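For reference, the chains in residue letters:
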Amino acid sequence: MNIIYTDVLVIGGGLAGLRVATGVKERGHDVVVLTLVPPKRSHSAAAQGGMQASLANSKMGEGDNEDVHFSDTIKGSDWGADQEVARMFTHCAPKAIRELAHWGVPWSRVKRGDRTAIINAQKVTITEKDEAHGLITARDFGGTKKWRTCYTSDGTGHSMLYAMDNKAHEDKVEIHERLEAMSLIHENGRCCGAIARNLMSGELVAYVSKATTIATGGYGRIYSVSTNAIICQGMGQAIALETGVATLGNMEAIQFHPTAIVPVGILTTEGCRGDGGLLLDKDGYRFMPDYEPEKKELASRDVVSRRMTEHIRKGKGVKSRYGDHLWLDITILGREHIEKNLREVKEICENFLGIDPAVDWIPVRPTQHYSMGGIRTKYTGESQTLKGLYSCGEAACWDLHGFNRLGGNSVSETVVSGMLVAEYISDFCDSQESSINIHSSTIEKFLKIQEDKITALLTKENGEDAYVLRRRMEEIMMDKVGIFRNGDDLKDAVDELEELLKRSKNIEVFRSKSRAANPALVNAYRTQKMIKIALTVAYGALLRTESRGAHSREDYPSRDDANWLKRTITSWENEEQTLPTVNYEDIDISKMELPPGFRGYGKDLTKHNTDTHTRQIIVDAVTDKLKKEGASRMEIQNALMPFIDKLPKKYQGINERLGENV
Amino acid sequence: MSDKKPRLLKINILRFDPHDPDDFPHMETFEIQEAYGMTLYIVLNAIREHHDNSLMFDFVCRAGICGSCSMLVNGRPTLACRTLTSKLDENITLAPLPLFKLIKDLSIYSGEWMRYLNEHLETWIHDKESELNVDKIEERMDPDLADEIYELDRCIECGCCVAGCGTIQMRPKFTGAVGLNKIARYHLDPRDKRSDEEYYELIGNEDGVFGCMTLLGCEDVCPKDLPLQSKIAYLRRMMIKTGLK
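Taken in order, these protein sequences are the chains called E and Z.
All residue numbers for the first sequence refer to our numbering, where the first residue is 1 and numbers rise by one.
All residue numbers for the second sequence refer to our numbering, where the first residue is 663 and numbers rise by one.
Bound conformation, chain E alone:
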């Protein structure tokens, strides 16, 4: 039996995982990172447009700060987010970006003087301040009051990931590539590591650790068309779910990005619209101002995706052999801008569509993009129910995004949650309670379970074809658990997925019988797990009889704060279950800094909770009183919802900005 011992095991080598690894290493703990692919090939590299941090350096970001970023994030989440977590996040985002600048990310910088930009289809001149020259600049993104999205051209995730991986090299972080975590080792409510499979040799290895962190990204690939990399299959969430102890949060909260290219579903960044690009219909008509007169193309992602779908349903889509689509027009930005700031978009258009986006319109439609749900954790990143299991980044639901994530908040979350969770894990590892006492027979038991599963898949006869089940699952998710949802379709989806789950227990790996590198075997066991994840999404969506953020029910169009201001908590206690167990966790209005309100899109259909009004009166009274006393914005914030003490000491400091706190 091959057993590797370490203090901290990190599953996933993207931005979040690497940031945890370097953080705990710096605190003196041993760490091993398991990753399916070399870290630089992770899906983090695909983040194009940028990272939100309220630096307020550029002219159009003037007046920005943590408060504005916080308010945008909570509104964007449709009040589903955990407000303390959002405060911790917005407080630390400037620190994370400055840290990355120190580690080598070549952030695009402010250039003093006049420059031309396109805003609302008009050429405007923006004059950048002398004193901001050379500081990190920002672009506009959807759902934000200020230009806050910092970037390196449109290869932001790439530059961040390379800097982060290089930092991991410098810190001599141990990285085990092409290893897949198959299950978590756990006993008596305590996680003690994972069983992993070497994808080259097929060998099973047990990793035993005091703390185990899942940072494996989202589960977009349960849909047939997704902007996600093909490795974003929800395996991290699945192994947590299969413990029967850890829980998942808000799995039904799925984001569709407005502008992925047709048919392959590759993303073109929100930066296209942030920089002034327009959405046009089959007649070349700019339709977004009709639906959202204020924010137009730069409404929140969930809103734009729904409006595009509505417009296509009115017969205004462009017909193609792959279904209807709309146009994204960035020709208005000019060749120079595209070749400097949107070059990945340009390459993608050239290579996959054979068009030049400086001349031609880009065929786009809303496509699955982000998983707001994930492993439910406390603000420390630790599972609420399985001690020693941590999670961060897209894999987790510590609940920064609620029911809709703002563009630019995801890469930001990876590094912010990574740096925070690294500290909480280190504190845990420094304490007595982290010591584990695990019998080798327990480790052997978990290893044997995986061994037996693989043997069963390879030796079964007359079984099911994993590809057939998986393709059907992907279609169901796409057709029935998509942008607009309704009770009948969701019921069908759950019933059929449940049937697929039963069939998946009988999967057989045809022909390809190798125990070593074997893509058919990998597809077989992942399909079994993916169907479970799909069920948590579809079942959660069926039960949630309201519309909130990206979860939009045609039969329940109102956001229902009276009954549904709560998080969906999903678990799978018993391997024989064919449906997940669903519970709910209330979101406490009486502790909110920003009580529920209207997001400002379309008509206000909200069914308010009676506590909302009560809380609003208190918030207003406290704010008025302190303002009259001349309190600072930080003092007012602290009176409404204190959070600073929850942060690690090293990240509690006040952020400097031009003209503020310097």
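By construction, these hints were calculated from the structure, which means they are not laboratory data.
Given the structure is predicted, the values throughout are model-derived calculations rather than measurements.
Cβ coordinates follow ideal geometry from the N, Cα and C atoms, glycine included.
Treat the hints loosely; a few may be bogus.
As the list claims (entries may be wrong) - With beta-carbon atoms standing in for the labels, derived distance ranges:
1) Z:P760 / E:D171: 30 to 38 Å
2) E:V359 / Z:T876: 31 to 39 Å
3) E:R112 / Z:S792: 20 to 28 Å
4) Z:N707 / E:R321: 14 to 22 Å
Claimed, not checked - To give a feel for the contact side, a few chain E residues facing chain Z, derived at Cβ under 7 Å:
5) P38
6) A101
7) A229
8) A520
Since the structure of chain E is already known, use the hints to place chain Z on it.
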């Protein structure tokens, strides 16, 4: 989008499973009906799903940005995911990228090679003096310089330049364009405090910039169109100057 009858593509793949003692490198041919907008990503997945589920290859982003899927397409190193079949003849030959450890079929272990390279060249910011205070306003950088650094930072470590390199065929330890470009990137970056002499220690030899025979296959095959030729020339001049000091 013409209505012509779709072509029947003949995909010839060099296959080998090093884990199977009975296997040996051999060519296998699969026939796939071409579809509109088809890429090699679609072709290879169709083969795996409908013809032979044991076929190994690597795709991650399938959007030309992660560098996982480099292989020889009709003998030329390139990214398979963004290669449209419409740009190729109906006979297509695929082989794994040479020089890297073979995992199976078209799958190679380039991560190990790149890791060694990064560790060896210490491709990170070297700055012992300045202590970071994350609360303070960031260090300024000239906007044009930041853009210039990003230009070189765009390398995706796909390995095409290594596979297309003539020098490395004769000098297995040659740093290759991927490594030299990284040195050019850090040398340009004022945050990295390494001296010219320290860079000379890394690449001022025959396995470094002086080994390059200037065949420049690297520049021809780089999927990101990095300015490898001019950067290698620049580094060489700089290293000669440093060497003569």
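Each hint tested on the structure:
{"no.": "1", "hint": "Z:P760 / E:D171: 30 to 38 Å", "result": "holds (32 Å)"}
{"no.": "2", "hint": "E:V359 / Z:T876: 31 to 39 Å", "result": "holds (36 Å)"}
{"no.": "3", "hint": "E:R112 / Z:S792: 20 to 28 Å", "result": "holds (24 Å)"}
{"no.": "4", "hint": "Z:N707 / E:R321: 14 to 22 Å", "result": "holds (19 Å)"}
{"no.": "5", "hint": "P38", "result": "holds (3 Å)"}
{"no.": "6", "hint": "A101", "result": "holds (5 Å)"}
{"no.": "7", "hint": "A229", "result": "holds (5 Å)"}
{"no.": "8", "hint": "A520", "result": "holds (4 Å)"}
Against the hints set out earlier in the document, no violation occurs for any number.
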